[in-house]
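Just so you know, we're using numbering that gives the first Met the number 0 here: the sequence shown kicks off at 0 and counts up by one.
Hints listed in this document are in silico derivations from the structure and should not be mistaken for laboratory results.
Please note: incorrect hints may appear among the correct ones.
[Said to hold, decoys possible] For each label pair, taking beta carbons as the anchor points, the in silico distance ranges come out as:
#  : residue 1 : residue 2 : range
1  : Arg28     : Val93     : 17 to 23 Å
2  : Ala87     : Trp13     : 29 to 35 Å
3  : Ser49     : Arg28     : 19 to 25 Å
4  : Pro40     : Gly89     : 30 to 36 Å
5  : Trp72     : Asp36     : 28 to 34 Å
6  : Leu32     : Glu92     : 17 to 23 Å
7  : Leu15     : Leu61     : 30 to 36 Å
8  : Arg25     : Glu83     : 19 to 25 Å
9  : Glu68     : Gly89     : 33 to 39 Å
10 : Thr57     : Arg86     : 19 to 25 Å
11 : Glu12     : Phe52     : 15 to 21 Å
12 : Trp13     : Val93     : 17 to 23 Å
13 : Gln90     : Asp50     : 16 to 22 Å
Where a beta carbon is used, it is the ideal one built from N, C-alpha and C, also for glycine.
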Amino acid sequence: MKAFHELFGDDREWALDNSLRRFRVRCSRLGDLPQRDHYPPDWITIVRLSDGFRMVLTERCLRSGEPFEDTDWYAARRLGLVNENRRARGQQEV
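Taking the hints into account, I'd like the entire structure generated from these sequences.
What follows is the structure in structure tokens.
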């Protein structure tokens with residue numbers, strides 16, 4: 000895992016325990032977005048383990064379907080939707 004050195008705290012420990020996973024999905028917390036000092040309880044952070052990239056999103060969106068059980072499937076689906084919207088606006092994908 001090339002970005003392991005970029006992970007900190009429990010994200011790093013989680014990656015050690017779940018080394019075959021591509022993503023971690025957890026509740027958002029301080030530091031996920033520097034300009035925020037709190038998060039609503041239904042916000043999540045997707046941590047991409049390949050590069051340490053983090054994205055804060057609401058737990059559910061109308062386009063992602065039912066609540067998730069597999070974090071890799073859910074994170075890939077949500078990031079896919081984000082990238083779909085970015086492509087439509089001519090922005091760079093994440």
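Hint-by-hint comparison with the structure:
1. Arg28 - Val93: 17 to 23 Å: holds (20 Å)
2. Ala87 - Trp13: 29 to 35 Å: holds (33 Å)
3. Ser49 - Arg28: 19 to 25 Å: holds (21 Å)
4. Pro40 - Gly89: 30 to 36 Å: holds (34 Å)
5. Trp72 - Asp36: 28 to 34 Å: Distance hint for tryptophan 72, aspartate 36 holds at roughly 32 Å.
6. Leu32 - Glu92: 17 to 23 Å: Cβ of leucine 32 to Cβ of glutamate 92: about 19 Å, so the range 17 to 23 Å holds.
7. Leu15 - Leu61: 30 to 36 Å: At 35 Å between Cβs, range holds.
8. Arg25 - Glu83: 19 to 25 Å: Holds, since arginine 25 and glutamate 83 (Cβ atoms, about 24 Å apart) stay within the stated range.
9. Glu68 - Gly89: 33 to 39 Å: holds (34 Å)
10. Thr57 - Arg86: 19 to 25 Å: Holds - the Cβ-Cβ distance for threonine 57 and arginine 86, about 21 Å, lies within 19 to 25 Å.
11. Glu12 - Phe52: 15 to 21 Å: holds (18 Å)
12. Trp13 - Val93: 17 to 23 Å: holds (21 Å)
13. Gln90 - Asp50: 16 to 22 Å: For aspartate 50 against glutamine 90, whose Cβ atoms are near 18 Å apart, the range 16 to 22 Å holds.
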